[in-house]
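From first to last, the protein sequence lines are chains E and B. The first sequence begins at 1 in our numbering and counts up one residue at a time. The second sequence begins at 1001 in our numbering and counts up one residue at a time.
Derived from the structure by calculation, the hints contain no laboratory data. All residues carry an ideal CB built from backbone N, CA and C; glycine is no exception. One or more of the hints may lead you astray.
[What the hints assert, rightly or not] Dumping the calculated BS3-like pairs for lysine-lysine here, alpha-carbon to alpha-carbon at most 27 Å: (1) E:Lys32 with B:Lys1081; (2) E:Lys15 with B:Lys1039; (3) B:Lys1011 with E:Lys15; (4) E:Lys26 with B:Lys1011; (5) B:Lys1092 with E:Lys26.
[As the list claims (entries may be wrong)] Heads up, incomplete: computed chain E residues facing chain B, CB under 7 Å, no partners named: (6) Lys15; (7) Glu18; (8) Glu21; (9) Phe24; (10) Gly25; (11) Phe104; (12) Val154; (13) His158; (14) Arg161.
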Amino acid sequence: MNRLGLDLDRFCDDKLGEAAEQLFGKIQTGDKPPVGRTQIYGLRQIAEQGPSKVKEFAEKQGERAERRRSKGALEEKEFWRKISEFLGPEKKGTLTLEELIKQFLMPAAEALEVGAGSPEQGATTGSRPTAHQKTMLEQLKKEVIPLFFRRFCVHYCHVFRNQLFESAKRGGN
Amino acid sequence: MMTLSPDLVRKIEEYCDSQHDSWLKLGEKLVRTFGYDRKTRRISTQVRNLQQTVVSATKFSDIEDFVKNQMGRESQGNWGKVGDDVLEHLRKLRKASEELDPDPARQFAIRLRLAWAWVRAVVSQYLYEIAQQQM
């Protein structure tokens, strides 16, 4: 249970694995991994140590790939764009972490608050998110981002394991 | 941990019984793949790590991630030989939990129970095989 009293383990088991595989499916455009092991480890580390910095990190990595213009840079840029897109804000027809949280965690978190007699109760309905809802969403994102990227990075290294080892043997990362 | 009804517990046990043979085969494969520590005549560190991960997991995905992680560390190593089989067993357990109960919260608890029974059977057979080899 997290600080809001939510069962994040179950959310991670049921939804984050699916989402990680879906996002992986979008970035896997061929047999070649778009980014190397070092960058994947970097992504996982940043997600664990500073979840709010992952989007910025992805954007910077994308910009660096664009400047390089080397072979594979386009795929790398696309990879980071999709990671950044996944981290929101919400966009119609695109899988985002915010959407997952809003769909599966926010209703339970709000129900728990109402049950506990939160002063915000009743203020959470309506089409525009309240300040309290925004804070709750940010808090949940901070907790879910490390869980998500741990699953995503493990899955990535698992699926591309042979290619990543070949690349490491050749002196890549 | 959620309490499960006696009827559901019975169903879980029946499922475990029905899978026992395939679990034992995996235990034998682990011996062929990882062997054992010949000096101490004890369990291989990798098998012990798998067992520890299952026993201490708070969610089923911890176990799946452990296996993928081990496979991702070495391309031609032992986990490369046995990892896909282990993941297939885990996939079956996940599917079984969905078939045993429609409620997602109970499925979550069932999955972990199945994993405990699974690792107990697999490691028991692994240890039995080692004992046989040492006789």
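Exercise. Output the numbers, in ascending order, of every earlier hint that fails for this structure.
Key: Those not satisfied are hints 2, 4, 6, 7, 8, 9, 10 and 11.
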